[in-house]
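Heads up: the sequence lines are chains R and H, in that order.
Position one of the first sequence corresponds to residue 1 (this note's numbering), numbered consecutively onward.
Position one of the second sequence corresponds to residue 1 (this note's numbering), numbered consecutively onward.
Be aware that a few hints might be false.
[Stated by the list, open to error] Reference excerpt, derived from the structure (chain H facing chain R, CB under 8 Å, subset only):
id : residue
1  : 107
2  : 109
3  : 399
4  : 520
[What the hints assert, rightly or not] With a straight-line cut-off of 30 Å between C-alpha atoms, the simulated DSS-like cross-links for lysine-lysine are:
id : chain 1 : residue 1 : chain 2 : residue 2
5  : R       : 98        : R       : 292
6  : R       : 215       : H       : 23
7  : R       : 292       : H       : 461
8  : H       : 293       : R       : 215
9  : H       : 293       : R       : 221
10 : R       : 316       : H       : 522
11 : R       : 316       : R       : 292
It should be emphasised that the hints constitute simulated quantities derived from the structure, not laboratory data.
Positions of the beta carbon are idealized from the N, C-alpha and C atoms, including for glycine.
The residues making up each chain are set out below.
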Amino acid sequence: MSLWRFQTYRRVGLLGINRRNAEYILGHNPRRLFPLVDDKLATKALCRDHGIRTPDLYGTISAHHEIRDLEKMLAPHDSFVMKPASGAMGNGVLMVLKRRGDSFIRGSGAQLGIRDLRYHASSILSGLYSLGGRVDRALIEARVRVHEVFNDLGEGVPDCRVIVFRGVPVMSMLRLPTQMSDGRANLHQGAIAAGVDITTGTTHHAVHLDRVVSKHPDTGKAVRGIQLPHWDEILRISAMSADMTGLGYLGVDVVIDADEGPMLLELNARPGLSIQIANGGGLTPLLERIEKLDISGSTPKERIAMARSVFAAHRKAALGEDRAT
Amino acid sequence: MNLRVVLLAAALAGCGVVIVAYKIGALGYELVPRTTEDRWSVQMQVRYRGAGDNAVARIHLPSDREPHQRIYDERIVSEGGTFDVITQDGNRVGVLAGHVGAQSTLSYRFAVHLSAREGVLPAEAEIIDGDLENGSAWLEAEQYIQSDDPRVASRLEEINAPDAGPIETVRHIHGYVTDEVADLDFGDDTDALTALQVERGGPLGKARLAVALARAAGIPARVVTGIDLEDGARSEVQHWAEVSLAGDWHALDPISGYLGSLPRQRLIVFTGDAPLLSTAAVEDLSFQLTAMKEEVSQHRLYRRRASDAGRLLDRVSLYTLPVQTQMTLRVLLLIPFGALIVALFRNMVGVPTFGTFMPVLLALAFIETSLAIGVALLLLIIGVGWVFRRLLDWLQLLMIPRLSFLLTVVILIIVGISLLSDHAGMTAGLSAAAFPIVIITATIERFSVMIVEEGPRNAAKTTAGTLLVALACYALLMSNMLQRTVLAFPELLLPVLGALLLIGRYTGYRLSEWVRFAAFKKGFKEA
Ligand SMILES: Nc1ncnc2c1ncn2[C@@H]1O[C@H](COP(=O)(O)OP(=O)(O)O)[C@@H](O)[C@H]1O
Ligand SMILES: [Mg+2]
């Protein structure tokens, strides 16, 4: 009796962490491909070869002595983002919005000196933010400017996560930064997660810190019914990322720049499960449908069409089930 | 779940169970081997300040020639003086010579195996007339053993039958000194004659009296000094008599009443009625005796069986290994069980921990330190370490030097705790060195980064999770019964492997997901 909640989870098709690891990650993501997505510089290079846009790279710092040149590297830029090449979960991402005199203003409004930036770079290099504390590289890239649809939806850049299975987009969510998350769009840092309808690209449901919300906590603006611009391009980037990396189960993070449109921010070979909470639905039924598809030789465009029909079929089945119960 | 995995796991578990069943059924092993031997760790500590030029302390070291006690791992640490071991009257004596005004300390540690001494007195018929193999030296009167005094002779006449043989005489003497002479708690230095006259005496007085009576009856006898070991600091020095019958020495203990045998926890130190510790020209003398009991499995029995039997399974028994190795293996063999617990907690319950095997390592450290003290010390070390880590933040150090700095700080904290607790006279803190220092350092680093990155709540949660799993591992590793069982049946690790395979392919929900996906508890249907 005490396990009835798990029964509900199973009925909804919630994917648990053990099953994700055992069946989808171990089963579809060969270990040797991980470096492609665990290193953001490698991902950037890959994207360049495949015609997928990413934020402009201003520079990289690979060794401590290069930190001396940091000031010169930053000189032409008023705003930028410094982050570890192999970080995760938003750790070590430092976003500078503008300069004021000699200091730099962060997303949170905090002021930093060049000394702080140097220290941050050196922490990144020595592996503070990388998995397992391995030596890392710091990369400095253009700050993506917020698209106008996201006005009043918090400081910082929302990013759109798409789960792609066997090259077919499965589920998507929009992550909206809040004051709490310091401009970063990572959920456990306090960002809002809004489920995005994969067929239309509009948000249909949202949670903040695992609780259902309809308005942004900082601004009060509605977080449901937002139509993401360039939705088809976002789906195309997602489907192509699977081809370009060879990973079967993949999380694709896309940001939408005000002028340049969708750009790939990072790829994830172990995408999290909260996307299910954001969407109010489980991944398993969709994944099981996609498992049965014949995808050999299909183009990204064809797989986007498959995604739409899979989702439509799933919704129909779910409605039927609802009526039956 | 994958059928191959299930079959493999079942096969592993099956193999283990079959081997265990065979060993119990056909080879006569016990599922939980009993303990028959006692292993003790004993420490004697002497400390004094020299008051004259010839400051010296002499302490008798336990006899290493007794068949029922095996002494090993002797370790001597002396400070502020010179230390020598000499042989005196056939006994080993440690001599610690110091200097005027200087503090001298001696710490003498050893481990000893005591096995049951089930001696019986020989039958009267085995005594051959004039059996004095053990030398006439043990018949002569001494300063405190006045066997030539007429009062001793007349008391002997009173308690002994005129035509009694030596065995009967010994029994009479034993009965008399044990029951008729009252026990004194103090006055250890009573001589035989005084004890006889007042019919009262401490262990030494009564032992001397028994020896005097035996010698008066023409039976070689001597005083023996030893220690009744007790867990903790309550061990007591004991004296008793030994009589020579048919070429062998037999114990006669007028305090505990043993005749021919001795209490099991009795450690024999030396023969003679000299004091255990004697000193000259010293002041501020302190003497401490502590003993700790450890149980050893029935290894001798199994060992004999292992060497006699031709069967392979007997041959590969771990009991053929040296005891020291066995003690190590006992804990080592339980580590896979600890790892199994970690896997259960992490993959099925979903408890977050610092590092994968940190909980097991902590549990091992807790065994050394004892639980409450271990947890307290750990929290202290991590707490203080974290404060230092915060200070380091301020200096903006690079990672590797920063971690090395932190490592050094952790070691200093441990040294500090040891020193403080030693000064305060608490031995508890001395065990702080048992902690896996490198891993603790990494934990402090991860802990402080986690506080910044994921908030203090997550850090506290992970700390609590680590402690919880460590406690579960500790409970398991501490199980003496399990230790003995696994030593006898190392094949029990096969089912553990099987269980690990199953957990490795477990794709159900984690218990933590019960909470994590609570939003779905009603199916998450929207309005
Ligand atoms: N170039 C950028 N411009 C604006 N915001 C960024 C940029 N890079 C990262 N961010 C913000 O930081 C968050 C985390 O960055 P990301 O590159 O995804 O690293 P991580 O692997 O740590 O998640 C993003 O979700 C986004 O909100
Ligand atoms: Mg990210």
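Cross-check of the supplied hints:
1. 107: Hint on residue 107 of chain H: violated, closest Cβ of chain R at ~41 Å, above 8 Å.
2. 109: Given a least distance of 41 Å, the restraint on residue 109 of chain H is violated.
3. 399: Since chain R brings a Cβ to about 3 Å from residue 399 of chain H, closer than 8 Å, the hint holds.
4. 520: holds, 6 Å
5. R:98 / R:292: violated, 50 Å
6. R:215 / H:23: violated, 69 Å
7. R:292 / H:461: Violated - the C-alpha atoms of residue 461 of chain H and residue 292 of chain R are around 41 Å apart, more than 30 Å.
8. H:293 / R:215: violated, 67 Å
9. H:293 / R:221: Answer violated: residue 293 of chain H to residue 221 of chain R is near 71 Å, above 30 Å.
10. R:316 / H:522: holds, 20 Å
11. R:316 / R:292: holds, 18 Å
Figure legend: structure checked against the earlier numbered hints; hints not met, in rising order: 1, 2, 5, 6, 7, 8 and 9.
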